[in-house]
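Letter by letter, the chains look like this.
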Amino acid sequence: MSESTYRIQGDTGEWEVVIGLEVHAQVTSNAKLFSGASTEFGAEPNSQVSLIDAAMPGMLPTPNRECIRQAVRTGMAIGAVINKWSRFDRKNYFYADLPQGYQISQLFHPLVGEGQIEISLDDKNPDAETKSIGVERIHVEQDAGKLMHDQHPTRSYVDLNRAGVALMEIVSKPDMRSPQEAGAYLSKLRSILRYVGSCDGNMDQGSMRADVNVSVRKPGDAFGTRTETKNVNSVRFVMQTVEIEARRQVEVLEAGGKIVQETRLFDPDRGETRSMRSKEDAHDYRYFPDPDLLPLELDDSFLEACRASLPELPDAKRRRYEADLGLSAYNAAALTADADTARWFEALLAESARVQKKGEQEVARPAANWLLSDLFGALNKLGKDLDTSPVSPEQGAELLALAADGTLSGPLAKQVFEIMLETGDPAGKIVEERGLKQTSDTGAIEAVIAEILAKNPGQLEQYRGGKEALFGFFVGQTMKAMAGKANPAVVNELLKKALAG
Amino acid sequence: MTDVTDLGIAELRDGIRLGKFSAREVADAFIVKVSRAKALNAFIVETPDHAIAAAKDADAARAAGETLKPLAGVPIGMKDLFATKGVQTTAASQMLEGFKPVYESTVSGRLWDAGAGMLGKLNLDQFAMGSSNETSYFGNVISPWRRGGGDNAALAPGGSSGGSSSAIAARLVPGATGTDTGGSIRQPAAFTGISGIKPTYGRCSRWGVVAFASSLDQAGPMARSVQDCAILLENMAGFDPKDSTSLQLPVPKWEDNLSGSLAGKKIGIPKEYRVDGMPEEIEALWQQGIDWLKDAGAEIVEVSLPHTKYALPAYYIIAPAEASSNLARYDGVRYGLRELAEGQNLQEMYAATRAAGFGDEVKRRILIGTYVLSAGFYDAYYTQAQKVRTLIARDFDNAWAQCDLLLTPTAPSAAFALGEKSADPLAMYLNDVFTVPSSLAGLPAMSVPGGLDKAGLPLGLQIIGKPMDEQGVLNAGLAIEQRAGFVARPESWW
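Heads up: the protein sequence lines correspond to chains A and B, in order.
Here the first sequence is numbered in full-length UniProt numbering, starting from 1 and rising by one per residue.
Here the second sequence is numbered in full-length UniProt numbering, starting from 1 and rising by one per residue.
Mixed in with the good hints there might be a few duds.
Some residues of chain B that are not near chain A, with every Cβ distance over 12 Å (derived) [as the list claims (entries may be wrong)]:
#1 Asp6
#2 Leu18
#3 Pro279
#4 Glu299
Mimicking DSSO-like on lysine-lysine, the simulated pairs with C-alpha atoms at most 27 Å apart in a straight line are [stated by the list, open to error]:
#5 B:Lys466 x B:Lys309
#6 A:Lys91 x B:Lys309
#7 B:Lys242 x A:Lys91
#8 B:Lys253 x B:Lys266
#9 A:Lys467 x A:Lys497
#10 B:Lys100 x A:Lys146
#11 B:Lys38 x B:Lys69
#12 B:Lys271 x B:Lys253
#13 B:Lys271 x B:Lys294
#14 B:Lys387 x B:Lys466
#15 A:Lys218 x A:Lys173
#16 A:Lys455 x A:Lys467
#17 B:Lys56 x B:Lys100
#18 B:Lys363 x A:Lys91
#19 A:Lys84 x A:Lys124
#20 A:Lys414 x A:Lys437
#21 B:Lys387 x A:Lys84
#22 A:Lys84 x B:Lys242
Everything labelled a hint here was simulated from the structure, so no lab data went into it.
Think of the CB as a built atom: it goes at the ideal place given N, C-alpha and C, for glycine as much as any other residue.
Construct all of the structure, not just a fragment, from the sequences and the given hints.
Here it is as structure tokens:
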């Protein structure tokens, strides 16, 4: 564990930033927290609203077991205390997008208690600089609907599709000290949620968003007054919010002003945070236990089933890749940061081991390198991701096998891969049809070499005169003449012999 | 020929089965009675078509030789707190005037499934808040009873299920649904000389019942006999996955197991229910009830419920607290009333809508509830009231170590005249003093008529039972009914 040394340089000296995040993560579930209505993104307004979501008279909530299960699994994934007894509370306030006039949440007795998330501050060497960020609690609550003000000149419309959707509110402790730490925490949290499958983590679709609490202090002082910047919806924006808001606070304090505890919003276009409402007109939410719902009591078998269903999590997976597969720390981290990447890699690995009849550790390195550089490079250029990759793990494994058994040289493999991306054809077919096989035919190679030496008497003389660096020149000429199909090892061997005279 | 409107649920059911009369004759007779009783203002909406359709189904089933459903062709009244599909459901509030739900409450749906027909939606205190039926937006319900001696003062039918009690007592319906939050079935039953049972909290689904105070609200039947209450309750109760506070228990055969013998039963008499200033007649009735139960074979024991005096204050914190939250949904956005003047904003729309749509008593309780839940007062009021509630429940638990059932008066007085207490909310709240403790504890409790006071008005006795012991409560009710021989009925003046 290390202390970040991020400091803001003010006129009166250095300032330290204190950050806490409240992350709202939409629970992956086909139905809302207390009704059977669908939760699909992007549907027609008000097409996914049950009588319960619309708070029709006499309607009652009933908890959706799947939402509870996902929140429990999330808690387990961060090593948190799971409260076997929790309770839903009503948070009362009036707003047109809140049909019941209250949100069902958990204030007094949350489902998940304290846990922690390990963050890493060095991408190249994830174990070099790590820090543990405390999670205060995770509670489940309903989302509100949304108001649309742009549909009519004088009217506002209400869309209740989101109303009642299950959210996990994941509240960190004020343990972060730099924008980098806040970004790393949010990325890591998102990675864990996606591994667990409890939230899709799609911040651009609003299924994950963060309220950013920031305060500043002189190092060693007590916590300063904090502000809360609402609904920040990307890792980059969270980092910017911290930076901008902390700098603003320093300026206010150094000018002799005071920080007001208030709610702010982040405007990425103008690169500033603005006041939304101050604490003075804060709501009195009048929380009290929801009398329509009995306390939530979880039994051991439910908890065991939750635990048994947890996948291998990113840190464990990264360490296993290093230890068992012999991957570099950097590659292991790159492959495991995202659940989809790890899944794709493991499919590639398993298929490679199968077709090459080798152990996974033997095929792991070339597979990792190919995925991280060749495939990611290609997908980047195409503007695609693994989900939409034109090449499947099975096809990748075939290509890797052809390279491993010497059928394809490195350059040939790259060439075949290009064609695969364009045509979608399997590597073997491309090799067959286009004759892109690597050749180790010594007779053919020797003939080409003889020709090259004859054509370049000057270089030959220099080489034999001691300029050994020219060896590469002869290799290049030979490969070129063989259209890249010659086996480089054979070329090397034969060239050495021929050059030696 | 008998006037079928004098018959109760069991007699109507059996008569239709045996072909003594047709369900259609029954429906028509009650429909006529309802249409001629406007002076009582017991109905907000009359639904003769619904009753006739159910009657036709029953007659057709009988003609086809089919087994009749448990309530085939029996017409009833439905308190207007139950959502009825396609039929205006208002909770007696302007806020919901004209609201026709696209859904049917679980309880009403079960009754229709059992073959019952609906004569109409019965008036009540607005959002079930009141003890006299003077808070309805659709006007006061008048009790069919009058004091003797030429006193023609209009009397309260009790509340909040006053439309139900009035209609049953006046023989406009043989039975009806009620809901009870702090006594809203039992007190009106007592005031009008009928029976009514609030079952154990969770017995009847609250789904589709306009909420007043969720942790207390419970539906139950009202009728002219204990047997009729048992029949209706059997067809209302049962587990409902749509209500997470619903009890996952089978519905017992209460009617089949009715017995007026209380041999081996111990009846507790809570000493704290002897309140100062209680009319002598109530005292005398209570003693009479004790004697009847002894006669039925029960042993009488005195018990103590030491926290009784805190029940009413606790109730008037918890119920309004929940109500203030439950009624937040009436905001003018999605259904019901909307008051929005040109140029007003959202906040102004809320304020105007709620100011216009809610009656005074509803506003009073919303304000009390908002206050007791507000930051700074929560612990002093709400938390404290919840602790009292726990102590009251514990009182009852302790009592069950000594007895099987409790006997108390239902209300501290007979029916009062309309207007007599409406200016004094606290005096009005005292009406619930005997019914509220068992509500806070979620226990089954019933009122049965015991006799008349000097003015000729009915008085009720209350039996309180252990959780889930509706059978014990009904049996003790039957024992009283058999001995009281209560046959008094209001003279028709309407």
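To see whether the hints hold, each was checked on the structure:
1. Non-interface call for Asp6 (chain B) relative to chain A: holds, since the shortest CB-CB distance, roughly 34 Å, exceeds 12 Å.
2. Every C-beta of chain A lies more than 12 Å from that of Leu18 (chain B), the closest at about 37 Å, which supports listing it as non-interface.
3. Consistency note on Pro279 (chain B): stated as away from chain A, and its beta-carbon is indeed over 12 Å from all of that chain's, at 35 Å minimum.
4. At roughly 36 Å, the least C-beta separation between Glu299 (chain B) and chain A is larger than 12 Å, which holds for a residue marked as non-interface.
5. Restraint check for Lys466 (chain B) and Lys309 (chain B): satisfied, since their Cα atoms lie roughly 20 Å apart, inside the 27 Å limit.
6. Distance restraint check for Lys91 (chain A) and Lys309 (chain B): the Cα-Cα separation of roughly 31 Å exceeds the 27 Å cut-off, and the hinted pair is therefore not satisfied.
7. Under the criterion of a C-alpha separation no larger than 27 Å, the hint pairing Lys242 (chain B) with Lys91 (chain A) is consistent with the structure, at around 22 Å.
8. Distance check on the hinted pair: Lys253 (chain B) and Lys266 (chain B) sit about 23 Å apart at the alpha-carbon level, within 27 Å; holds.
9. Taking the CA atoms of Lys467 (chain A) and Lys497 (chain A), the gap is near 16 Å; set against the 27 Å cutoff, the hint holds.
10. For the suggested pair Lys100 (chain B) and Lys146 (chain A), the alpha carbons sit about 26 Å apart, so the restraint of at most 27 Å is met.
11. Using a Cα cut-off of 27 Å, the hinted pair Lys38 (chain B) and Lys69 (chain B) is violated, with the two alpha carbons roughly 31 Å apart.
12. Using a Cα cut-off of 27 Å, the hinted pair Lys271 (chain B) and Lys253 (chain B) is violated, with the two alpha carbons roughly 33 Å apart.
13. Using a Cα cut-off of 27 Å, the hinted pair Lys271 (chain B) and Lys294 (chain B) holds, with the two alpha carbons roughly 18 Å apart.
14. With a C-alpha separation of about 20 Å, the suggested pairing of Lys387 (chain B) with Lys466 (chain B) holds against the 27 Å cut-off.
15. Distance check on the hinted pair: Lys218 (chain A) and Lys173 (chain A) sit about 19 Å apart at the alpha-carbon level, within 27 Å; holds.
16. Restraint check for Lys455 (chain A) and Lys467 (chain A): the C-alpha separation of about 18 Å stays at or below 27 Å, so the hint holds.
17. Annotation: proposed proximity of Lys56 (chain B) to Lys100 (chain B) holds, straight-line Cα distance about 24 Å (limit 27 Å).
18. Between Lys363 (chain B) and Lys91 (chain A) the CA atoms are separated by roughly 20 Å; this keeps the pair inside 27 Å, and the hint holds.
19. In summary, the hint linking Lys84 (chain A) to Lys124 (chain A) is not supported, as the alpha carbons are separated by about 40 Å, beyond the 27 Å threshold.
20. Note on Lys414 (chain A) and Lys437 (chain A): the hinted pairing holds, with a Cα-Cα distance of about 13 Å set against a maximum of 27 Å.
21. Only pairs whose Cα atoms come within 27 Å are accepted, and Lys387 (chain B) paired with Lys84 (chain A) is accepted, the gap being roughly 23 Å.
22. For a cut-off of 27 Å, the pair hint linking Lys84 (chain A) to Lys242 (chain B) stands: about 23 Å separates their Cα positions.
The structure is inconsistent with the numbered hints 6, 11, 12, 19, although it conforms to all the rest.
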